[in-house]
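Number of protein chains: 2
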Amino acid sequence: MPVALENSVVLDRLAHVSMARGAHDLGQRLTALDRWVKADLVEFEAELAVFPRGARVVQEAAHHLLDLGGKHLRPTCVALASRFGEGFTAKARSLAVSVELVHTATLLHDDVVDVAEHRRGKLAASVEYGNAAAIFAGDWLLVNALRKIGATKVEGLLDKMLGVIDDMILAESLQLERRGKLVANRDEYFKIVEGKTASLFRWAMIAGARAAGLDTRAEQALDQFGLHLGVAFQLIDDELDFRTGTGKDPFVDLREGKMTYPLVVAIERQPALQAQMEETLQQPDNTADFAAIANTIRETGALVATRKLAEEHANRALEALSILPEGPARDALETIVLASLERKS
Amino acid sequence: MPVALENSVVLDRLAHVSMARGAHDLGQRLTALDRWVKADLVEFEAELAVFPRGARVVQEAAHHLLDLGGKHLRPTCVALASRFGEGFTAKARSLAVSVELVHTATLLHDDVVDVAEHRRGKLAASVEYGNAAAIFAGDWLLVNALRKIGATKVEGLLDKMLGVIDDMILAESLQLERRGKLVANRDEYFKIVEGKTASLFRWAMIAGARAAGLDTRAEQALDQFGLHLGVAFQLIDDELDFRTGTGKDPFVDLREGKMTYPLVVAIERQPALQAQMEETLQQPDNTADFAAIANTIRETGALVATRKLAEEHANRALEALSILPEGPARDALETIVLASLERKS
Chain A
1 MPVALENSVV LDRLAHVSMA RGAHDLGQRL TALDRWVKAD LVEFEAELAV FPRGARVVQE
61 AAHHLLDLGG KHLRPTCVAL ASRFGEGFTA KARSLAVSVE LVHTATLLHD DVVDVAEHRR
121 GKLAASVEYG NAAAIFAGDW LLVNALRKIG ATKVEGLLDK MLGVIDDMIL AESLQLERRG
181 KLVANRDEYF KIVEGKTASL FRWAMIAGAR AAGLDTRAEQ ALDQFGLHLG VAFQLIDDEL
241 DFRTGTGKDP FVDLREGKMT YPLVVAIERQ PALQAQMEET LQQPDNTADF AAIANTIRET
301 GALVATRKLA EEHANRALEA LSILPEGPAR DALETIVLAS LERKS
Chain B
1 MPVALENSVV LDRLAHVSMA RGAHDLGQRL TALDRWVKAD LVEFEAELAV FPRGARVVQE
61 AAHHLLDLGG KHLRPTCVAL ASRFGEGFTA KARSLAVSVE LVHTATLLHD DVVDVAEHRR
121 GKLAASVEYG NAAAIFAGDW LLVNALRKIG ATKVEGLLDK MLGVIDDMIL AESLQLERRG
181 KLVANRDEYF KIVEGKTASL FRWAMIAGAR AAGLDTRAEQ ALDQFGLHLG VAFQLIDDEL
241 DFRTGTGKDP FVDLREGKMT YPLVVAIERQ PALQAQMEET LQQPDNTADF AAIANTIRET
301 GALVATRKLA EEHANRALEA LSILPEGPAR DALETIVLAS LERKS
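Just so you know, the sequences run in chain order A and B.
Using the working numbering, the first residue of the first sequence is number 1, and each one after it goes up by one.
Using the working numbering, the first residue of the second sequence is number 1, and each one after it goes up by one.
Next up, chain A with everything else stripped away, as it sits in the complex (with noise of 0.2 Å):
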C-alpha cells in the first residue's frame, strides 16, 4: 500500500512547522486561520444557503442534515487549494458545495446502514423522517452534486468524483463484509481509510487545483497533501473513539465491530483479545464492559501508536505542501494538519 509508511519516518516537517509556531498556541493561529479562510467560509456558506430546499419531504430530510453545519473542513480544503490560483471563484465556491453535498450524502446513507440513533447532536434523519426519506435524500444529494460539478465544465472533475463515489462504496461494502470480525489486516485498513475517507479530501483538494488553474505539479503536491491529511484525520477519529469527555459518544465504533487502527495494532500486540471482543461484542450493549476493554487495548500502547502514525501522515501532508509558495493559503493548510491532530471531536 502507498499510503502505509515504515515507523522509521522522521517528523521533520511537524516538528519544523510545529515549533515555528509553538504547538502552544494552536489556539491563536486557528484564530488566525479562522480570520483569514472566514471570507471563504461565509461565501461557501452563502452558496450552500441557496442549494434549493423544494417542497418534497427527501429535500427537508437532506436539508435537516446540512442545516446543522459541521466542521466544513472538505470546503474548507477546496477554498485554500483555489487560494494557490485565481482564488475562490464562483466556480470555486460551486465544487466546494458539492464536495459537502456528497459527504452529507454518504452520512445520510451510513445513519441507514449503521441504524444511527444520533449525527451533530440531533436525531439522525433516517430517525427524525424514515429510512426511505433517508436513503432518496442520499441519493437525491449525490446527483445534485453530479449536476453542480457538471455544470462548472472543470476538466475531469465530474468523472473523477464518479470514482471517488466508486471508492467510497467499495470501501463502506469492505468495511460492512469485516464489521463483528475483528481480524488485524493492516493492508485492509488502510484500503478502507484511503476509500472512505482520503479519496473525498484528495478530491477536494483537486477540484480547488482545477478551478484555479494550477499546474500539474502543484496539482499533485496538493492531491498528496489531502491523502495524508484524510488518513491522518481518520487515524485521530479512530483514537477519538476511545476517549471520554470530547465532543463525541466514546465506543461507538468499538461497539459496532469496526476495526479501528488502535484495534489493528491492539490485536497484533495481543492476539487473545481477537476472540475476547468477538464474543463481547456478540452479548447485548454493555457500557462498563467496552470501557474495561478500552483500557485494555490502551494499555497494549495502540493509541500511543494511533497518534504517532497520524502525525507520520501530518508530517506527510506538510512535506507535500514544500513546493508550493509560502503564503496565507500554505500557512492555513499547515494550521489545518495541526489542528486535525489536536482535535477534541
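None of these hints come from the bench; they were simulated from the model.
Treat the hints with caution; some may be incorrect.
Since the list can't tell identical chains apart, any single copy or any two copies may satisfy a pair.
Taking lysine to aspartate or glutamate and the DMTMM-like style, the derived pairs with C-alpha atoms no more than 25 Å apart in a straight line are [said to hold, decoys possible]:
| id | residue 1 | residue 2 |
| --- | --- | --- |
| 1 | K71 | D331 |
| 2 | K148 | D166 |
| 3 | K258 | E268 |
| 4 | K258 | E43 |
| 5 | K191 | E60 |
| 6 | K71 | E194 |
| 7 | K191 | E256 |
| 8 | K71 | E311 |
| 9 | K181 | E128 |
| 10 | K258 | E60 |
Keeping the supplied structure of chain A fixed, place chain B upon it in accordance with the hints.
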C-alpha cells in the same frame, strides 16, 4: 400537465396499426420482433455480462438482481432508436447497459424502501444480503452507470441522466409522502408517473437517437414516443395489480396504499371509497378484504377507464413515430406498444 390527455382523443393510429396487423396475431408479430431484436439483445446481454463483478458484497447484491434478467425493455428502446441511424454500435450498447443499471439501481433502493420480500421470483437483494448491502449496491450501480455514460462522450447524455434521476427521486418522494392517503389527484398521479417511469424510457430513446446521430426532429419524435410508451406501460402496470393469474402478485400496490390510476378514478367516481380504504389500510393485512375492495373498484369502471387511457397513450406513442421512416425499427417499436397493452406481467 402536458401528458394528460382529453377523453375525446380518437385512437386512429392505434386502430390502424392494430388492424393492419390483426390484434389476434400479436403473438406472431412478437415472434417476428423477437427474431429481429434478438441479435441486438444478444449483443446487449454480452455487454451486460462483462459488467465487472468484483469481490465485494455490494457487487454481489447488485449482480444478484442483474442476473435475474427481467424484460430488458429499456435497453431494447435504446437499440431500436439507434436502428434509425448508425445502428446498435458499441456506444449504443454501452448506453443500453447503462439504462439497465440505472433501472436496477432504482429497484434495489425501492425494495429497501418498500420492505419487499421478492423481486423477479427470487428473494429481494435487501432480504438476501441485508438493507445495507442493497443500499450501497444501488449506489454502486448508479455511479457505474453514470461512468459508462460519461465514457461514451455522447453530448449531453450524462447531464440528462442526472436530470432523469433527480426526477425519479422527487417522484418517489412524492409517492412516499402520499402513501396511505388516498386523495384522487390526477396532476400528482401524472407527475409521479412521468418522473418515476416515463423519464427513463424517454432517456433510453434519446440515448439511442444521439448515439446513432439522428437529427433533432427524429430525436424529439422518439422522446415523445418514450414518454407515451412509459405512461401506457405504467397504466397497464397499475391495472395488472387488480388481476389474478398474471405473472405478478395481485393487490401489492393496493395493500401499500399506492395511488394507482384505477384508484384515482374509483375515488373520483365513488368518494366514500376513500375513507373506507384508508381504514382498511390501517388494519393488518387481509387478502379477502383486498379482493373485495378490488371488486368494488372494478365495479366503478375504473379498470376499463385505465385501459382506455393506456390505449390513448399508446395511440400517442404511435402518432409520434409517424414522422419516422417505415421499416423494421418502426415496426418493432409499434409492436412493443401493442405488446405493452397486452402484457400479463
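Status of each hint after checking the structure:
Taking the closest pair of Cα atoms, K71 and D331 come within 25 Å of each other only inside a single copy of the chain (19 Å); across copies the shortest separation is 59 Å, beyond that limit. For a Cα distance limit of 25 Å, the shortest separation of K148 from D166 qualifies both inside one copy, at 18 Å, and across copies, at 12 Å. In this assembly of identical chains, K258 and E268 lie within 25 Å of each other by CA distance solely inside one copy; the values are 16 Å within and 54 Å between copies. In this assembly of identical chains, the alpha carbons of K258 and E43 never lie at most 25 Å apart, being 37 Å within a copy and 43 Å across copies at closest.
Proximity of K191 to E60 under the C-alpha cut-off of 25 Å is restricted to the inter-copy arrangement: shortest distance 19 Å between copies versus 34 Å within a copy. Taking identical chains as interchangeable, the C-alpha atoms of K71 and E194 lie at most 25 Å apart only when both belong to the same chain, with a minimum of 20 Å there against 39 Å between chains. Proximity of K191 to E256 under the C-alpha cut-off of 25 Å is restricted to the intra-copy arrangement: shortest distance 19 Å within a copy versus 42 Å between copies. For the identical chains of this complex, K71 and E311 are intra-copy neighbours only, at 21 Å inside a copy versus 55 Å across copies, given an alpha-carbon limit of 25 Å.
With identical chains, the CA atoms of K181 and E128 are at most 25 Å apart between copies only, with a shortest distance of 20 Å across copies and 31 Å within one. Only between protomers do K258 and E60 lie at most 25 Å apart by alpha-carbon distance; the minimum there is 22 Å, versus 30 Å within a single protomer.
When each numbered hint is compared with the structure, a violation occurs for hint 4 only.
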